[in-house]
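Visitor: Throw the hints in and build the complete structure from the sequences for me.
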Amino acid sequence: MLAQETLKQIGLVAKESGIPIKTIRYYEELGLLKASDRTEGGFRLFNSNVFARLSFIKRAQSLGLSLLEIKELLDVHDQGDLPCDHIKAKLNDKIAAIAYQIEQLQVLKLELEGLLSGWESVSEIPENTICPIIDPT
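Residue numbers for the sequence shown follow full-length UniProt numbering, beginning at 1 and rising by one.
Note that these hints are calculated values from the structure, not bench results. Warning: the hint list may mix true and false statements.
Unchecked claim - Below, simulated DSSO-like cross-link-like pairs (lysine-lysine); rule was C-alpha separation at most 30 Å, straight line:
(1) 22 <-> 34
(2) 34 <-> 15
(3) 58 <-> 22
(4) 34 <-> 58
(5) 71 <-> 8
(6) 71 <-> 15
(7) 22 <-> 71
(8) 34 <-> 8
(9) 88 <-> 71
(10) 58 <-> 88
(11) 88 <-> 34
(12) 22 <-> 8
To be verified - Per label pair, the in silico range of CB-to-CB distance:
(13) 104 <-> 52: 35 to 41 Å
(14) 34 <-> 99: 35 to 41 Å
(15) 103 <-> 31: 32 to 38 Å
(16) 68 <-> 43: 23 to 29 Å
(17) 103 <-> 22: 33 to 39 Å
We put the beta carbon where it would ideally sit given N, CA and C, even for glycine.
Guide: So, in structure tokens, the structure goes:
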């Protein structure tokens, strides 16, 4: 005979995971989590795998994945497949996006350094100018 798994109410899941009840409800609304049942009073009940899913969600978010991207990965897992290839592709996309952001930030840094290097050379300030360094009209 199999031992029946103990289900935990949403409040206990929130307390043990450190994730607010409101966030857990939101994750359920998005399809990231699924309550196993409800109490007679309507409280959501979760089985023990909810903690692994919450941990995965938080780690994936910390790596820059959106909740929609995380849902896609969990859907692959829920169909019985390992989502590792999907995760690898998503992380490679993130690396490319970060490289592009770094390039854009370097361009902005050069522009800001150029503005600051000319800070002292402003001799005439046209009327209605707020700051001639930013708006040299």
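Visitor: Run every hint past the structure and note whether it holds.
Guide: Now the hints, each set against the structure:
{"no.": "1", "hint": "22 <-> 34", "in the structure": "14 Å, holds"}
{"no.": "2", "hint": "34 <-> 15", "in the structure": "18 Å, holds"}
{"no.": "3", "hint": "58 <-> 22", "in the structure": "15 Å, holds"}
{"no.": "4", "hint": "34 <-> 58", "in the structure": "16 Å, holds"}
{"no.": "5", "hint": "71 <-> 8", "in the structure": "22 Å, holds"}
{"no.": "6", "hint": "71 <-> 15", "in the structure": "23 Å, holds"}
{"no.": "7", "hint": "22 <-> 71", "in the structure": "18 Å, holds"}
{"no.": "8", "hint": "34 <-> 8", "in the structure": "13 Å, holds"}
{"no.": "9", "hint": "88 <-> 71", "in the structure": "15 Å, holds"}
{"no.": "10", "hint": "58 <-> 88", "in the structure": "17 Å, holds"}
{"no.": "11", "hint": "88 <-> 34", "in the structure": "25 Å, holds"}
{"no.": "12", "hint": "22 <-> 8", "in the structure": "16 Å, holds"}
{"no.": "13", "hint": "104 <-> 52: 35 to 41 Å", "in the structure": "37 Å, holds"}
{"no.": "14", "hint": "34 <-> 99: 35 to 41 Å", "in the structure": "36 Å, holds"}
{"no.": "15", "hint": "103 <-> 31: 32 to 38 Å", "in the structure": "35 Å, holds"}
{"no.": "16", "hint": "68 <-> 43: 23 to 29 Å", "in the structure": "27 Å, holds"}
{"no.": "17", "hint": "103 <-> 22: 33 to 39 Å", "in the structure": "38 Å, holds"}
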